[in-house]
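Take the sequences, apply the hints, and build the full model.
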Amino acid sequence: MTGEQITFLVVAFATLGSALMVVTTRNLIHAALWLIATLFSVAVIFALLSASFLAVVQVVVYIGAIAILFIFAVMLTRKDMRDQSPQLNKNWWVGALLAALTFGGLYALLQGWSGLSRTVADIPSGFDAVAELGTELTSFTGYVLPFEVASVLLVAALVGAVYVAFNPRSGDIRK
Amino acid sequence: MVPLSWYLILSAALFSVGLFGVLSRRNAVAILLGIELMLNSVNINLVAFWRYGNVMHMA
Numbered sequence: 679m680t681g682e683q684i685t686f687l688v689v690a691f692a693t694l695g696s697a698l699m700v701v702t703t704r705n706l707i708h709a710a711l712w713l714i715a716t717l718f719s720v721a722v723i724f725a726l727l728s729a730s731f732l733a734v735v736q737v738v739v740y741i742g743a744i745a746i747l748f749i750f751a752v753m754l755t756r757k758d759m760r761d762q763s764p765q766l767n768k769n770w771w772v773g774a775l776l777a778a779l780t781f782g783g784l785y786a787l788l789q790g791w792s793g794l795s796r797t798v799a800d801i802p803s804g805f806d807a808v809a810e811l812g813t814e815l816t817s818f819t820g821y822v823l824p825f826e827v828a829s830v831l832l833v834a835a836l837v838g839a840v841y842v843a844f845n846p847r848s849g850d851i852r853k
Numbered sequence: 013m014v015p016l017s018w019y020l021i022l023s024a025a026l027f028s029v030g031l032f033g034v035l036s037r038r039n040a041v042a043i044l045l046g047i048e049l050m051l052n053s054v055n056i057n058l059v060a061f062w063r064y065g066n067v068m069h070m071a
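Listed in order, the protein sequences are those of chains A and B.
Read in order, the letters of the first sequence are residues 679 to 853 in this note's numbering.
Read in order, the letters of the second sequence are residues 13 to 71 in this note's numbering.
Be careful, since some hints might not be right.
[As the list claims (entries may be wrong)] Residues from chain B shown here face chain A by an in silico Cβ test under 8 Å; the list is partial:
1) Pro15
2) Ala24
3) Gly33
4) Arg38
5) Ala42
6) Leu45
7) Gly46
Calculated directly from the structure, the hints in this document are not laboratory data.
For every residue, glycine included, the Cβ atom is placed at its ideal position computed from N, Cα and C.
Written as structure tokens, this is what we have:
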């Protein structure tokens, strides 16, 4: 077993363990903090796959924005942060069964696929994945249209959020 | 050398954990946490297929 495989296994078990803590822990703040651990492990997985740009984006966007947003949402909506009541609904075993069946089905599906044992080829020297990504996102033969549509969608969501929070009568942000 | 299957199995397991969270948590925020886990597993799949496919052909 090579060092790369050992690194992968350690990171994979860290990912799955913290993901299990996300879905089972009772305290929502703790769940959000475990989610940060999971997202960081996924960033390490990206780095292992030599997708350096996506690893940085994972840390900046997911941990820096989304996980912090979750923590804000929990803090603003829960009256008692130390709420220890049961967090699972009474049909949780159906969810567990369905999740296990999903994993079993995906595993069986993967076993029947011929490309499964494919090994990785070296990245050719002089190949800059980040520059390639930037070129594709801005060239007209590439993905400039979805890129711009996504940015317009984000602006629309931003304007909508301001409109929802703005009270026209008092001219003030709605309490 | 890590074969492609390890990444795909990790991704499937992470997806299943997220699915369990979505189906069995009571709180809406906790359900969103499960959805985030599922989205991340999809991203792992995507990057793994990029790395194990033809890297030069990104588009």
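Would you list, in rising numerical order, the hints stated earlier that this structure does not obey? none
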